[in-house]
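If you're matching them up, the sequences are chains X and P in order.
Under our numbering, think of the first position of the first sequence as 1, with each following residue one higher.
Under our numbering, think of the first position of the second sequence as 1001, with each following residue one higher.
The hints are simulated quantities; they were obtained by calculation from the structure and are not laboratory data.
Any given hint could turn out to be false.
In the BS3-like style, the derived pairs of lysine-lysine whose C-alpha atoms are separated by at most 30 Å in a straight line are [what the hints assert, rightly or not]:
no.: 1; chain 1: X; residue 1: LYS107; chain 2: X; residue 2: LYS68
no.: 2; chain 1: P; residue 1: LYS1071; chain 2: X; residue 2: LYS102
no.: 3; chain 1: P; residue 1: LYS1044; chain 2: X; residue 2: LYS102
no.: 4; chain 1: X; residue 1: LYS69; chain 2: P; residue 2: LYS1051
no.: 5; chain 1: P; residue 1: LYS1027; chain 2: X; residue 2: LYS102
no.: 6; chain 1: X; residue 1: LYS102; chain 2: P; residue 2: LYS1051
no.: 7; chain 1: X; residue 1: LYS68; chain 2: X; residue 2: LYS58
no.: 8; chain 1: X; residue 1: LYS107; chain 2: P; residue 2: LYS1044
no.: 9; chain 1: X; residue 1: LYS102; chain 2: X; residue 2: LYS68
no.: 10; chain 1: P; residue 1: LYS1027; chain 2: P; residue 2: LYS1044
Derived contacts from chain X toward chain P, CB cut-off under 10 Å, selection only [unchecked claim]:
no.: 11; residue: GLY8
no.: 12; residue: CYS91
no.: 13; residue: ASN100
no.: 14; residue: TYR101
no.: 15; residue: THR112
no.: 16; residue: ASN114
no.: 17; residue: PRO115
Just so we're clear, the structure is a prediction, and the values are computed from it rather than from any experiment.
Here a beta-carbon is modelled for each residue, glycine too, at the ideal position from N, C-alpha and C.
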Amino acid sequence: AQSVTQLGSHVSVSEGALVLLRCNYSSSVPPYLFWYVQYPNQGLQLLLKYTSAATLVKGINGFEAEFKKSETSFHLTKPSAHMSDAAEYFCAVSPSGGSNYKLTFGKGTLLTVNP
Amino acid sequence: NAGVMQNPRHLVRRRGQEARLRCSPMKGHSHVYWYRQLPEEGLKFMVYLQKENIIDESGMPKERFSAEFPKEGPSILRIQQVVRGDSAAYFCASSPSGQVSNQPQHFGDGTRLSIL
């Protein structure tokens, strides 16, 4: 069974500082990996995805993530935080095989950005 | 270009009543997924449907929960005889195909179900 662990349920940064949100996965084979963002009372919006192409993936709003197989990690970064980045971020994994529609989500990391 | 539409946005039911949650997928999408988000938890997969077919219901509770996606109209998630533990946000997602590698799932804004 696959699983996702997001280290830190709450991360606080200053505006302009580096954003680093951690995600580790457990899977017997290299999976597909995703980062989603959720603003209050809204649905999830896809930030970026890894599907076995380039290991450094660039997404929307200046975010990027790097797939590191040796560390089973897929951490999300952004060089400079904006106030508008404050939201909850979810890492998700799906099998790269037949049932790849079945996303498994982490518990989420709430990002706050201080002025 | 409308996204995934869910209604109602908020639903309040008393214990023992029925809850019906509706989801209209994005135009051109024939694959629908339902997820449940409990407080301070990530989303949990419930069921995957195509038109008139349930493809995978491995995440659905064995009793009281059912889902359908008829040939015409929205997908419906139905919860009978609701209990307090059913209080959660229910999200619907849709995609053009079942392959997330090149066609990711698009999510609606969810239905917040509260059980009194």
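Status of each hint after checking the structure:
1. X:LYS107 to X:LYS68: Distance of about 21 Å is within 30 Å: holds.
2. P:LYS1071 to X:LYS102: holds, 23 Å
3. P:LYS1044 to X:LYS102: holds, 9 Å
4. X:LYS69 to P:LYS1051: Status violated; Cα separation ~37 Å.
5. P:LYS1027 to X:LYS102: The hint holds at about 21 Å.
6. X:LYS102 to P:LYS1051: Distance ~18 Å between LYS102 (chain X) and LYS1051 (chain P) Cα, so the pair holds.
7. X:LYS68 to X:LYS58: Holds, because 15 Å separates the two Cα atoms, which is no more than 30 Å.
8. X:LYS107 to P:LYS1044: holds, 10 Å
9. X:LYS102 to X:LYS68: This hinted pair holds, its Cα atoms lying about 22 Å apart.
10. P:LYS1027 to P:LYS1044: It holds: about 25 Å lies between the C-alpha atoms, which stays within 30 Å.
11. GLY8: At about 14 Å, which exceeds the 10 Å cut-off, the nearest Cβ of chain P leaves the hint on GLY8 (chain X) violated.
12. CYS91: Hint holds; CYS91 (chain X) Cβ to chain P Cβ min 9 Å, cut 10 Å.
13. ASN100: holds, 5 Å
14. TYR101: TYR101 (chain X) check passes; min Cβ-Cβ to chain P is 5 Å, inside 10 Å.
15. THR112: violated, 16 Å
16. ASN114: Since chain P brings no Cβ nearer than about 22 Å to ASN114 (chain X), farther than 10 Å, the hint is violated.
17. PRO115: violated, 26 Å
The structure shown violates the earlier hints numbered 4, 11, 15, 16 and 17.
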